[in-house]
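Chemist: Based on the hints, put chain B in the right spot on chain A.
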Amino acid sequence: MSMIEFKNVEKYYGDFHALKNVNLKIDEGETVVLIGPSGSGKSTLIRTVNGLEEIQEGQLLVNGFDLHDPKTDMNRIRKNVGMVFQHFNLYDNKTTLENIMLAPRLVLKRDEAENKKIAMELLEKVGLADKAANMPSELSGGQKQRAAIARSLAMRPKALLFDEPTSALDPEMVGDVLDVMRDIAKDSSMTMLVVTHEMSFAKAVADRVIFMADGQVLEDSTTQEFFDSPKEARAQQFLSQVEHH
Amino acid sequence: MALLQNNFPTFLQGFGYTLLSSIIALIGSMILGTGFAIMQIVPQKWIQKIGNIYVQVFRNIPLLIITFFFFLVVSKYIKMSGFTSGTVALMLYTSAFIAETVRAGILAVNTGQMEGARANGLSFAQAMRYIVLPQAFRISLPSLGNQFINLVKNSSILAFVGGLDLMYQGNMIAANTFDTFSTYIIVAIFYLILTLPLSYYIQHLERKLKRAA
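In the order they appear, the protein sequences are chains A and B. With my numbering applied, the first sequence corresponds to residues 1 to 245, in that order. With my numbering applied, the second sequence corresponds to residues 1 to 213, in that order.
The shape of chain A in the complex, shown without the other chains (with noise of 0.2 angstroms):
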């Protein structure tokens, strides 16, 4: 079953077409990674998908639910679609195990002992379980977006988004983040699209390649296809720059 599914989705931001005619299915338990050169939209794409950004026409489906049907509880996608940031975005006025708890604490109503234990399972996951009584200020970059990925999973979502999660980071924190990536791909049922420019992270975890310039989905092909053998001439080019250094 397709957990998200893009039919001819058009995005404008005013005058600027920032998604052309999108068509795009992802099926539930599979792990994407979307690629381009910057300015090609994937942030916007994968921002539409939990309806951080609008799209103007055509039908989004997650989960089943159309986005762009006014009726549809976005709140309700929500629960079921976790983010990571390329800016982490924790909040800032509460500790580690406080920014994981809350969301499950207020949306989810989960007991506040259950709770407590799962958030601290996952901190025990990503390697943070020492720093659950410590404010985001007070943590690394890779630290802030091992957190901040912990606090997504505390909703136990289906699919998962991640938007640039390594870009903000210093060198030698990105393989820690890319280490928890990885594990969460391993669990089978769960959604990944992630938008990144790790190629090594894309050639060993993910199922299928989707390239991406102009607000266009130009290729979508798995892994091995699209590393092996570009069809389109964008994303040869893309490849051989991205590879050079």
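Worth flagging that the hints you see were computed from the coordinates, not collected in a lab. Think of the CB as a built atom: it goes at the ideal place given N, C-alpha and C, for glycine as much as any other residue. Hints are not guaranteed to be accurate.
To be verified - Capping the alpha-carbon separation at 25 angstroms, the derived lysine-lysine pairs in DSS-like fashion look like this:
| # | chain 1 | residue 1 | chain 2 | residue 2 |
| --- | --- | --- | --- | --- |
| 1 | A | Lys25 | A | Lys71 |
| 2 | B | Lys45 | A | Lys71 |
| 3 | A | Lys79 | A | Lys116 |
| 4 | A | Lys7 | A | Lys20 |
| 5 | B | Lys210 | A | Lys94 |
| 6 | A | Lys94 | A | Lys71 |
| 7 | A | Lys125 | A | Lys94 |
| 8 | B | Lys45 | A | Lys94 |
| 9 | A | Lys25 | A | Lys203 |
Claimed, not checked - Some but not every residue of chain B turned toward chain A, in silico, with C-beta under 10 angstroms:
| # | residue |
| --- | --- |
| 10 | Gln113 |
| 11 | Met114 |
| 12 | Ala119 |
| 13 | Gly121 |
| 14 | Ser123 |
| 15 | Gln126 |
| 16 | Ile131 |
| 17 | Pro134 |
| 18 | Gln135 |
Said to hold, decoys possible - Here are the in silico distance ranges between beta carbons for each label pair:
| # | chain 1 | residue 1 | chain 2 | residue 2 | range |
| --- | --- | --- | --- | --- | --- |
| 19 | A | Asp27 | B | Lys49 | 40 to 48 angstroms |
| 20 | A | Asp214 | B | Ile61 | 52 to 60 angstroms |
| 21 | B | Lys49 | A | Gly14 | 16 to 24 angstroms |
| 22 | B | Ala188 | A | Lys117 | 54 to 62 angstroms |
| 23 | A | Gln56 | B | Met80 | 48 to 56 angstroms |
| 24 | B | Thr111 | A | Gln56 | 15 to 23 angstroms |
Modeler: Showing chain B alone in chain A's frame:
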């Protein structure tokens, strides 16, 4: 000193009314001001408009005129004393300034905080209440402190509508004793008894929150 001793109950009564009016107006204007601040930043344009009109009206009319409006006009339809009219006017007037202060605070909070909260499943109201507003209050605390101190001092408009406050009683005592100088010195000291601890408390809060951040 004799002046203070002879009129102590009257001063004290005035002090009590000033304190009461300030507390009511402070709490009320915080609630109203926060409400109108939020109204000005919600996505719905027509709600923004209402919030903006409210702020512009009450911010740009002298407090004394708002007070007279309640005392002379509104009280014809809704029975209210001078104390009540003055306190309501003070509350509405101050709330317009607090709305602007809190709105600026909200805008100063990184937009990622709201986005993170919404993406995490929180509603707009939950995100505001638990994430954005606490940070906005912290940012606006110095200016909020100014508003609170102004509020206490502005409560002296109650004197114009028989509000029985400190200023009103001061006027009475000055008129009876002809010792205007000493009377208003004492009145000033009573105001300081309210405003100085308030200033220090706000400074203390600022330091405390700075450490927590």
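Chemist: Do the numbers back the hint for glutamine 113 of chain B, that is, is its least Cβ distance to chain A under 10 angstroms?
Modeler: Holds: closest Cβ of chain A sits about 7 angstroms from glutamine 113 of chain B, inside 10 angstroms.
Chemist: Quick check on the hint: alanine 119 of chain B CB to chain A CB, less than 10 angstroms?
Modeler: Cβ of alanine 119 of chain B sits 4 angstroms from chain A, so the hint holds.
Chemist: Are isoleucine 131 of chain B and chain A close enough, Cβ to Cβ, to be under 10 angstroms, as the hint says?
Modeler: holds (5 angstroms)
Chemist: Assess, step by step, whether the Cα of lysine 7 of chain A is no farther than 25 angstroms from the Cα of lysine 20 of chain A, and give holds or violated.
Modeler: Given pair lysine 7 of chain A, lysine 20 of chain A holds - Cα atoms ~11 angstroms apart, limit 25 angstroms.
Chemist: So, as I understand it, the hint says methionine 114 of chain B touches chain A; can you test that by seeing if any CB pair is closer than 10 angstroms?
Modeler: holds (9 angstroms)
Chemist: Would you mind confirming whether the straight-line C-alpha gap from lysine 125 of chain A to lysine 94 of chain A stays at or under 25 angstroms?
Modeler: Answer holds: lysine 125 of chain A to lysine 94 of chain A is near 20 angstroms, not above 25 angstroms.
Chemist: Take a quick look at whether lysine 45 of chain B and lysine 94 of chain A sit within 25 angstroms of each other, Cα to Cα.
Modeler: violated (31 angstroms)
Chemist: Checking hints one by one. Is proline 134 of chain B an interface residue toward chain A, by the C-beta closer than 10 angstroms rule?
Modeler: For proline 134 of chain B, the interface hint holds, since the closest Cβ of chain A sits about 5 angstroms away, which is under 10 angstroms.
Chemist: Does the structure keep lysine 94 of chain A and lysine 71 of chain A at a Cα separation of 25 angstroms or less?
Modeler: violated (33 angstroms)
Chemist: Would you mind confirming whether the straight-line C-alpha gap from lysine 25 of chain A to lysine 71 of chain A stays at or under 25 angstroms?
Modeler: It holds: about 23 angstroms lies between the C-alpha atoms, which stays within 25 angstroms.
Chemist: Answer holds if the nearest beta-carbon of chain A is closer than 10 angstroms to that of glutamine 135 of chain B; otherwise answer violated.
Modeler: holds (5 angstroms)
Chemist: Run the distance test for lysine 79 of chain A versus lysine 116 of chain A: straight-line Cα separation, threshold 25 angstroms.
Modeler: With Cα atoms ~18 angstroms apart, lysine 79 of chain A and lysine 116 of chain A stay inside 25 angstroms; holds.
When the structure is compared with the earlier hints, violations turn up for hints 6 and 8 and for no others.
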